[in-house]
Amino acid sequence: MSFGRFVFTRSLQGLGVIWGVITVVFALRFVTPGDPINAVAPLDATQETRRAIAAELGLDQPLYIQYGQYLFDLMVGDMGFSYIRGQEVTGLVFARVPATVELAVTATIVAIALSIPLGVISATRRNEPVDYGATLFSLAGISTPNFWLGIMMILILAVEFGIFHTSGRGTDFGDVVISVVGPEPFISTLASWLKYITLPSIALGTYFMALITRLTRSGMLDELGKAYVTASRAKGIPETLVRYKHVLRNTLIPVITVLGLQLGTLIGGAVITEAVFSWPGLGTLVIQSINLRDWPVLQGSLIVIGTSFVLVNILVDTVYAYLDPQVVYD
Amino acid sequence: MSYEQTSRPAADSVLSVEGLSTRFFTEEGQINAVESVSFDLREDEILGIVGESGSGKSVTALSLVDLVGSPGRITAGSVWYRNPDLAEEFRGNDSVEVSGDHVDLRTLPPRVRRSLRGPSFSMIFQDPMSSFNPSITVGEQIAEAVEVQRRARANPRSTRSRTQGYGLSNYLLDGIVPGRSYTSKASTERAVELLEQVGIPDPEERVDEYPNQFSGGMLQRAMIAQALAGEPDVLIADEPTTALDVTIQAQILNLLRDIQRDRGMSIVLITHDLAVVAEMCDRVCVMYAGEVVERGPLEAVFGDPVHPYTQGLLGSIPEPDAAKSRLEPIAGNVPGLLDSEMGDRCYFADRCPKAMQSCLEKPADVPTSADGEHTAKCVLAERPYDPDEALPDEYFGGNE
Amino acid sequence: MVSARVIRNLKSEFKTSALAKIGLALVVGIILVATFAPFIAPHNPTEQRLPQSELPPIGFTDTNEKTSSEMVDGEIQTVTETEVIRADSDFVLGTDGLGRDMLSRIIYGARTSLAVGVLGTLFAAVIGVPVGMYAGYHRGRIDDTLMRIADVSLAFPSLVLAVALIGLWGRAAVRVPDPFVVTGLVSGMPEYFVLPITVVIVVGLVNWVWFARVARGEAMSLRSQEYVKAARALGASDNRIILSHVLPNAITPIIVLGTVQVAAIILLESALSFLGFSGTTLSWGFDISQGRDYISSGQWWIASIPGLAIMLSVIGINLLGDWLRDALDPGIQGEGGAA
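Chains as they are written, first to last, in the working numbering: chain A, 26 to 355; chain B, 0 to 399; chain C, 22 to 360.
Hints are computed from structural coordinates only; laboratory data are not their basis.
The structure presented is a predicted model; accordingly, all values stated were derived computationally and were not measured.
Treat the hints with care, since some could be wrong.
Chain A regions said to be covered by chain C (calculated; three or more residues, Cβ under 8 Å) [unchecked claim]:
#	segment
1	155-168
2	296-303
3	327-341
Quick list of the computed label-pair ranges, beta carbon to beta carbon [what the hints assert, rightly or not]:
#	chain 1	residue 1	chain 2	residue 2	range
4	A	V341	C	K32	33 to 41 Å
5	C	K32	B	F24	20 to 28 Å
6	B	K361	C	A257	57 to 65 Å
7	C	R196	A	E209	54 to 62 Å
8	B	E192	A	G250	48 to 56 Å
9	B	V176	A	E209	47 to 55 Å
10	A	E209	B	P177	32 to 40 Å
11	C	W190	A	L340	27 to 35 Å
12	A	G250	C	I170	36 to 44 Å
A virtual CB, placed ideally from N, CA and C, is assigned to each residue, including glycine.
Generate the whole structure from the sequences, applying the supplied hints.
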């Protein structure tokens, strides 16, 4: 199988999962207690309005027609209408996507950039103080609730020392990019952005940083004991090549798989981190929608979250196949 | 540790090992994996090291190239390596032992020792499948070995630096800058030549294949190619045929012998297979429980074995089809080598059919031939077996 | 299978690992605290004492600034008095905003965390293990369907799915009578333990797929083992083989996964309580959400202490999981060493 064909097959598979995601979300209409219309109409809606909404949604139609209509609407980008907010769901949901992406990507980059070197140092200096420190850190990191970590950082770094903002997203990454060419001074825009993004991204990223450190350390120790490492050293190649080109690369292959699987935890973590920092992303939208019983918005958010999970996993598998050619050639 | 006591290496030996001991310091205790081992490797010869699994053969091999990993450590002995350039360079250096053209590898600075891997010594391992990195092409891995030699020639000083002239920054740059990499086009071309020399068909295509696309025999050929990349003086082959089919074994052994003849290399061949030793080797060391118990020219050791262990090994070869023999010959097992349980005695005594009272003391390494080439660590080398001195049966209890 | 070898591995691993000892001590400690909460807790965790609200833990003081205006020489002057609030030895960890004893709430909170963690894991295992075993053993279409369901299920983050399901279904709780209080052994403590049953069901539904994946993998690899083939050749029924051969051999990785899952579900429960999606108010996560309102006014302990409790419990369970994994899974250990 060629690399291109692997990516193509994997993408088709992903499409199937996305279809499953949509079907599950569609089915959520029917697991609500009572008439599905309750889930869409505002609580104080009159009988008239309710009937009108039901007719517009096609709730009086047979199930397969409703389902077909739902799929068709999604394909043209229509996620329905929030009668409670009086807005199109698609617009509402996608307005929140950049904030969540900004938070999740920053957290992931920080986590990966710090954890892989930490795991490598920990494994190559096994049983030295730095290894104990890293082990302790990663144990605490995977055991700490991220919302609590966020609150503690607000308490110490925002309230007590006033270094960062306690909540919100006053400056976004787009502002920073624009300030490079625009009239705003770049440094102060960047500083302002950092004041907002730092605490939420640490709160969200710590679990992943700890997890990747742990996986990198144990994976690397595992790899270092393999025969090919001794063989590589015996042929005299520099230790840099042994460690990074051979060992670290093979270590990262399983780490990437776990990361793909843990992506859900990242998005779930983003939901609660956003709640702690009043970050205006998809997570806060999900919580608000549930509290408002605004099911169309909840459904739209779930589809976006599920679909992005699948898409990122296709990307992860592509990177995986690139690093480990056996996946493709087997 | 005093070096005065050790005798000077013979001028014709490429490698002269004296009193080498390697220990593992584990939580269970100290394990004496290699115990005061001595032998010579001469120019253009194949020296066999034979013994059961757990007898310390492989650790001996790794000790020669300084690759014993933690928790293991070489604790005593000398490894004299004949290299006039090195000897000249370090003559007069207080911390490095030099004798004629020989230097004691153990006294060399670690970075210098490390720089000898590839250009001076290379190794072939038992299981080719696990000895190649599964996610890098075979050609690339051989090219790495070629590149080591190429760079060592071009810039010997940097080979001895901490990073061997290739630090993390170089690696990161290689990842970012297109077309930059450790291996060069020349080294990849050389890898194709090497693959061809070891008898791999279609080498141009096979350089780009991954280890799992090779058969075991082909991959072992590739490993031999990789070991030849640095044009080493000494090739150490650790059970090179054990993981292979019988028919393939013969091909690999023939290849090794041809290479040794064509290139005038010296080979240390480590195996548990007596038939392989009989076929290939000029001289042989028999190892048991970390010690060399008997050594000498092949004809002497195999034709007139002195140590009861060697006798037992040879007796276990079924005559009609010697090639298929596997060593499981003598009652009992190789001892666990825990220092606390070893004591000063002949380690073979509790399995030996000819054990005597004096075997409870450590036997000396005694020459059994006039030229001193054939030696054995056994009292029987000095005097014949005396049934009156036999150890009581209780001594053998519990070891069956 | 839990053989003598397994027990020996567990013992030897325990002896050499200080972390395993700490983990076991923490877990045993939490189980004891949760079980005997009515005896250990110094106060009723739900009893409110407004005059004694916001007391700091022992060893700390808090300040309260009072501003009052009075007439001095015909002018209105604003006087700021700083009142020092001292700890009360009756409330070792202080009190919350409603004057409830923090220590007692931490002790009772252990019950909620542990009950949801263990019951949720069991529920997930009860769904996931049979489904995974069946699919892995029979392969074919059932297996394909399961894997697709698992893929879809993984596409929804646990927390998001749990929040959505609880939002749709409501937060139900069952009141379990506390045997120590009902029998009159202890008095003045809550008579009921409130089990947030929706949370238990939802975390089970959200996490079963991990058990299904592990059970499937084990069943697939065991299916090709000689003794399973032999049992089939002898005419044993498939269900019998799954029960008597596949399940006992797969139990080790399932136990290791189960431990990790208890830790994950405790974290998930605390997040749900924090967001207000639980059926009980006696929970560490809920206390953190209450304490959050006080961090800007200086009462740091109300949010901090329950978080430490979560962290310690989860660390304990994770250490226990590491110990079990190292001792039970020979594939992970013993790769090091040169020769």
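Here is what the structure says about each hint:
Note: the segment 155-168 of chain A has 4 residues with beta-carbon separation from chain C under 8 Å; the three-residue rule is met and the coverage holds. Counting residues of the segment 296-303 of chain A whose CB lies closer than 8 Å to any CB of chain C gives 4, so the stated coverage by that chain holds, three being the minimum. As drawn, the segment 327-341 of chain A meets chain C at 6 residues by the rule of a beta-carbon pair under 8 Å; at three or more, the given contact holds. For the pair A/V341 and C/K32, the supplied restraint of 33 to 41 Å holds, since their beta-carbon distance comes to about 40 Å.
As the Cβ distance of C/K32 to B/F24 is approximately 23 Å, the hint placing it in 20 to 28 Å holds. One distance hint, 57 to 65 Å for the beta-carbon pair B/K361 and C/A257, holds here, with the actual separation near 59 Å. For C/R196 paired with A/E209, a C-beta distance near 58 Å keeps the hint of 54 to 62 Å intact. Range check, B/E192 to A/G250: about 33 Å between beta-carbon atoms, so the 48 to 56 Å window is missed.
Between B/V176 and A/E209, the C-beta spacing of about 34 Å breaks the proposed range 47 to 55 Å. The hinted range of 32 to 40 Å is satisfied by A/E209 and B/P177, whose Cβ atoms lie roughly 35 Å apart. About 34 Å separates the C-beta atoms of C/W190 and A/L340, a value consistent with the hinted range of 27 to 35 Å. Distance hint check for A/G250 and C/I170: the Cβ-Cβ separation is about 38 Å, which falls inside the suggested range of 36 to 44 Å.
Hint compliance for this structure: hints 8 and 9 are broken, all remaining hints hold.
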